[in-house]
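From first to last, the protein sequence lines stand for chains Z and A.
So the first sequence is numbered by the numbering used here: it starts at 274 and just counts up by one.
So the second sequence is numbered by the numbering used here: it starts at 571 and just counts up by one.
Source of the hints: derived by calculation from the structure; they are not laboratory data.
All of these numbers come straight from a predicted model, not from anything done at the bench.
Among these hints, one or two may not hold up.
What follows is a set of in silico ranges between Cβ atoms, one per label pair, in the way DEER data are often shown [stated by the list, open to error]:
1. A:R825 - Z:L410: 47 to 55 Å
2. A:P610 - Z:Y329: 21 to 29 Å
3. A:I701 - Z:W376: 30 to 38 Å
4. Z:L340 - A:P610: 43 to 51 Å
5. A:G827 - Z:Y321: 54 to 62 Å
6. Z:P291 - A:R793: 29 to 37 Å
7. Z:V351 - A:G860: 23 to 31 Å
8. A:I701 - Z:L340: 21 to 29 Å
9. A:G901 - Z:Q283: 54 to 62 Å
10. A:E637 - Z:I353: 33 to 41 Å
11. Z:L410 - A:G603: 27 to 35 Å
12. A:F669 - Z:G314: 52 to 60 Å
13. Z:L340 - A:A912: 31 to 39 Å
14. A:R641 - Z:V414: 41 to 49 Å
Glycine included, each C-beta is placed from N, C-alpha and C at the ideal position.
If you want the building blocks of each chain, they are given just below.
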Amino acid sequence: MPNTTTSSYQRVYVWEFPVRLYHWVNAITVTILIVTGYIIGNPTTITYGNEAYQQYWFGTIRFLHFLSAFIFFFNFLVRIYWGFVGNKFARWNNFIPLKKEQWREMIEILKVDILQTKMRGRISLGHNALAGLIYFLSFMVFLFQCITGFAMYSSMSSSPLPRLFNWVVPLMGGDFAVRQWHHMFMWFFVVFIIIHVYLVFYHDYVEGRGTTSSMVGGWKFTRKD
Amino acid sequence: MAENLTIWQTMQAKGHSRREFLKFCSFAAVLAGIGSAGFPRLVRAFEKEPRPPVIWLHFQECTCCSESFIRSSHPIVADVIFDYLSLDYTETLQAAAGFQAEQCMEDTMKKYVGKYILLVEGSIPMNDDGIYCTIAGKTAEQILSETAENAAAVIAWGSCASNGCIQSAQPNPTGATPVHEILSKPVINVPGCPPIAEVMTAVVTHILVFGKIPELDSQGRPREFYSRRVHDTCYRRPTYDAGLFVESWDDENARKGFCLYKMGCRGPVTYNACAVTRWNEGTSYPIQSGHGCLGCSENGFWDNGPFYQHLASFPGFGIETTADTIGTVIGVAAAVGVAAHAVTTNIRKRKLIAEEIENSVPESGDKKGGE
């Protein structure tokens, strides 16, 4: 009767509300940005009127992209702020491997994830060291997409925020190059989502600590023994 | 070479009336974007200021900038060149040749130190000591440095002089370099292959009237002509917002004049005044003629992928391979990898569960039922 045994666990409040909110706002905006961005790059001709004045769908797609981009950007800023004031699981040092322990854990995670070895010892309750580093790299991509996006937006905008990024266009060699890079990094998000979602399920399974639901309720579980 | 006459004086000498002079002034004012408040200033400049002597250099180029310039409609180009500017040296149009011609240039440089305008057409080869472009025994770089030293203003005509254009396209065998990368003084970049004639004359007019260079953007281009994208001023823009695109060159949509975005039009990434001033006395511009913009006034436009493709091809892969093709392959690979991983995980599942249960403690007695 294996089902009659159990472990003694305690609940730990890992993800505070701002972290969870950040996560889901990010998930929604990034999804919208990928879809609208892809359409902007490769539009199909959708005709429901005969004349240009009768329809505006492409303009709407672009508007959605810009709107989501602004939300994405400020959401990102909030998360950075929370990295300095949030709890220990949200802190900035989770994302940058400065300690030896983090590197050791990274190797351990690589073994568990890729070689599928048995998990030895305990891994961090919050982000594991490898996930943290990947998130840090993705923050860099966020930043890059914000900078290149605002740079392209700046020439048709008179608002101060996008205009801060005017300098990017000549630096990268013109709007064409900026657009290319911005478009190329869209694929990072696609690949990230595939792997991220899968690894959440995988770790939920191998760790057995409620990884998936933790991003909804905030709680994870840790063994008492 | 007529000495130091003002524009008004030369017009009088040709028998033009005051009325005709003012008419010309208003043409010039409109062209240079000078409002009614600035008009008296322009008239005063044309009346009082001596015509600036001009040295027009030709290096690695095809002379399309000159060809464009002589098609300027307002002010009539013949007037600009022969009456209102004092064009002292230009290989293409000058009557003098050989030593005589070189003498003209030297005289101008000596006589009008700090007063002459230097117009440069073409890029400067820097590889192999600049031997790929030499005139009268001097390399392009030597000539440029000498003439620019005491010039009142330096204007880089066209994409060759502003960003290297086709000479500097990969692999750039001659080391073609734009003017602003060689000189330490500010250079007015007027890119385009060629630049619009009206823009060229307007830039010269601006210097003539205000005695200083026009306001430039971060890439050294006059703001008044290069601050907006062809796309933002294009008459086909409404079809872009409506999502009406040309799918192939001879389809119904092309006949209807829909947006050429999907045909690789570079309008959305090109800063120029084509859609506003248009070409050949305001007759048309590429998009109006049914062809996409090539982005000829942008840096490195020759290397920006196939002209008829919206996305550039990905370096190192086939011509038709864009970032999207690569991205799709990587995305599919990730999905396949994840699926394979899920399969192996499930193969190990029984063992993992067994281990996990073994590590658990037996259920304690005080928690009964419900399990």
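Here is how each hint holds up against the structure:
1. A:R825 - Z:L410: 47 to 55 Å: Roughly 49 Å apart at Cβ, these two residues keep to the hinted range, so it holds.
2. A:P610 - Z:Y329: 21 to 29 Å: 46 Å, violated
3. A:I701 - Z:W376: 30 to 38 Å: 55 Å, violated
4. Z:L340 - A:P610: 43 to 51 Å: 48 Å, holds
5. A:G827 - Z:Y321: 54 to 62 Å: Violated - the Cβ-Cβ distance for G827 of chain A and Y321 of chain Z, about 19 Å, lies outside 54 to 62 Å.
6. Z:P291 - A:R793: 29 to 37 Å: 43 Å, violated
7. Z:V351 - A:G860: 23 to 31 Å: 48 Å, violated
8. A:I701 - Z:L340: 21 to 29 Å: 56 Å, violated
9. A:G901 - Z:Q283: 54 to 62 Å: 40 Å, violated
10. A:E637 - Z:I353: 33 to 41 Å: 54 Å, violated
11. Z:L410 - A:G603: 27 to 35 Å: 48 Å, violated
12. A:F669 - Z:G314: 52 to 60 Å: 58 Å, holds
13. Z:L340 - A:A912: 31 to 39 Å: With a Cβ separation near 36 Å, L340 of chain Z and A912 of chain A satisfy 31 to 39 Å, so the hint holds.
14. A:R641 - Z:V414: 41 to 49 Å: At 48 Å between Cβs, range holds.
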